[in-house]
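Since chain A is already given, all that's left is putting chain B on it; use the hints.
Protein chains in written order, with the working numbering: chain A, 1 to 168; chain B, 1 to 168.
All the given hints hold, so there is nothing to weed out.
Identical copies look the same in the list; a pair holds intra-copy or inter-copy alike.
SDA-like, lysine to any residue: derived pairs with alpha carbons at most 20 Å apart:
hint, residue 1, residue 2
1, 22, 134
2, 81, 71
3, 81, 104
4, 81, 102
No lab work stands behind these hints, which were simulated from the structure alone.
No experiment lies behind these values; they were computed from the predicted model shown.
2 protein chains.
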Amino acid sequence: MTIILGIDPGLQRTGWGIIVSKSNRLSFVDCGTIKTDSELPMAERLKQLHDGLQAAILKHKPHEAAVEETFVNVSGSSTLKLGQARGGILLTLSLCGLPVYEYSANMVKKSVVGAGHADKKQVGMMVKVLLPASNARQADAADALAVAICHAHQRDFLSSLRKQGSST
Amino acid sequence: MTIILGIDPGLQRTGWGIIVSKSNRLSFVDCGTIKTDSELPMAERLKQLHDGLQAAILKHKPHEAAVEETFVNVSGSSTLKLGQARGGILLTLSLCGLPVYEYSANMVKKSVVGAGHADKKQVGMMVKVLLPASNARQADAADALAVAICHAHQRDFLSSLRKQGSST
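For reference, chain A alone in the conformation it holds in the complex (with noise of 0.2 Å):
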């Protein structure tokens, strides 16, 4: 059994989410989304990531992170905002002592959807889909979700390819 939290990362919101992982069935466990205080200092906008983020670990106590990979944005400042959140949740996960495995949007989308360009109403009706019990009310926790997925899909297709090279 793998617990693995996936994470939609962004500084005003970012959203995660629980899900077990079992001989090739996934079932729901949590999900949620952290907000910042956008009239607060950057330093203290990361704290408050790291502080709900931290929450969600203790809790749930997952074996392994998923991240999707952040888009580079057409303006500067919104890419140094988006990194700087990203840095702080990258820094928890590990300082947490967790692995942190990285995926693209559209890698995210082909592996939950089947199609890398499908989109985000798409993404959260193949969510409520594969984890029934989720009902992720805001996008943010569905995307963390679908970021799960995805980590749990390559960790069960690489498993299986290990499994075939061990027996031929």
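Structure of chain B alone, referenced to chain A:
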């Protein structure tokens, strides 16, 4: 007496410098450069920056931290990398309970050299003049000391304004 930690953030190399500001006089305490291993995943590189910075903080127990603001790079991927390093550094300072002040590169140069468009060499020379004991061999450490000096000047300026205000 105020112990100030100045930081010049970077993913490959982050410079840090510690000075003491006491009755308008500055003195050098320590400085150094934290390097990260470019072959490691991002989360582990951010942990290296965190560990190096935390060691300097535990050793010198600064009261305040000053960080150079990040220049938004032409390349999106460079901006993202620097943003992530910066996010990890700001979170580390926040987790250590330090108040964080940010200054633009131009403000640092103006405060140290007297001109906003001074070059790196001029900044390095002025750091040697203002903190003769520093003898910072690396440019990153000299830049970090320049950020600390800039913050010390700003503190003195603001406190003299407050004194003027209360005496009128």
